[in-house]
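Below, each chain spelled out in residue letters.
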Amino acid sequence: MIDWTYEAGVYELVLAAPPCNEIGTTMLAGLQRFLAQVDPDAHTLVIRSGLRQGFCAGADLRELYRGLCDIPQDQHAAQIRGFIDAIHDVMDRLDMLPLTTIGVVHGVCFGGGFELALTCDMLIAEKSARFCFPELRLGIVPGFGGIPRLRRDVGNGLIRDLLLSGRSIGAKKAHGCGLVSQIVAGGEGLAAARALAAQSAKFDPVARKAAKAFIKKLPREELAEERELFVRLAQGPALFAALKRFVESTDLRPYLP
Amino acid sequence: MKHDDTLSALIQLAAKRFGADASQLRPEDDLFERLGIDSFQAVELISDLEDKFDVELPDYELQGIKTFAALAARIDARR
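Going down the list, the protein sequences come from chains A and B.
Terminal number for the first sequence in our numbering: 281, no gaps in between.
Terminal number for the second sequence in our numbering: 126, no gaps in between.
The set of hints was computed from the structure by calculation and includes no laboratory data.
Please note: incorrect hints may appear among the correct ones.
Okay, derived cross-link-like pairs now, DSS-like style, lysine-lysine, Cα gap no bigger than 25 angstroms in a straight line [as the list claims (entries may be wrong)]: (1) A/K196 with B/K63; (2) A/K196 with A/K151; (3) A/K236 with B/K49; (4) B/K63 with A/K151; (5) B/K99 with A/K197; (6) A/K241 with A/K226; (7) B/K113 with B/K49; (8) B/K99 with A/K196.
Using the sequences and the accompanying hints, generate a full structural model.
Below is the structure:
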């Protein structure tokens, strides 16, 4: 599910939950376990997927649907808020870790998976990587802090394009707009991340941590606003109907926006 | 690139990526069915096509497209 190694100041966190690292309660618990033991003297965290399919396909929609089916409708809001609060806490802590964080992305990097990638300080994309916010198809907006985090990095035009069209963009376009730091060939992402980690190890730890704290702030107000908007929209009928369609779909390609 | 050239290059690319025999693929074949492409592979194929043909292919424009010929026409329309 989630595993990590720690060697010479470098954590390598590997997501390996088929079909494509969907983020539900199990993944959340794994991330919480990882965060609880992070050595503050580490200098780099590399986050990557161990699955061929991609980095992460987003929230676990099947689990969300089952969870909502199991409780009366008047409890949906509390259920959704509980999960969103927990995931925001994890994402914010990843975002603000006092080490250099590198996301290695290939294949699908959609929805909540894109939001997880956006907590990283730098992204290394293999050529197959594609980024997408398909949430409007579900009658919601991204709810894991993705839009406020993306606003730190790229222009509003690109954000509107991604959010309001639901289309995916490839590694090349993502690199061109500054979302991705480096593009590498397929299968070369981890090697590039390790080289970057080795570079990070050379820096004075006090200066490295101060530099990150200086340049990367948590957009707290927007994150809180996004959370409220998400919870409000998630209580509408559109989400439940869309989840039902998704879960019951026999389409081979339900992830396509 | 003419439509036939786009079509030929598309079939070659898809055959190579998914380990099929290009000579057995026809323009009117359902490429998803013929190549057994799942949702994740479809996403990767879009990146391959964008790189190969130097175009942007919004996902929503590809909905409903099933055949190599229709996909080649969509690529040509974006060039």
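Which of the stated hints cannot be reconciled with the structure, identified by number in ascending sequence? 3
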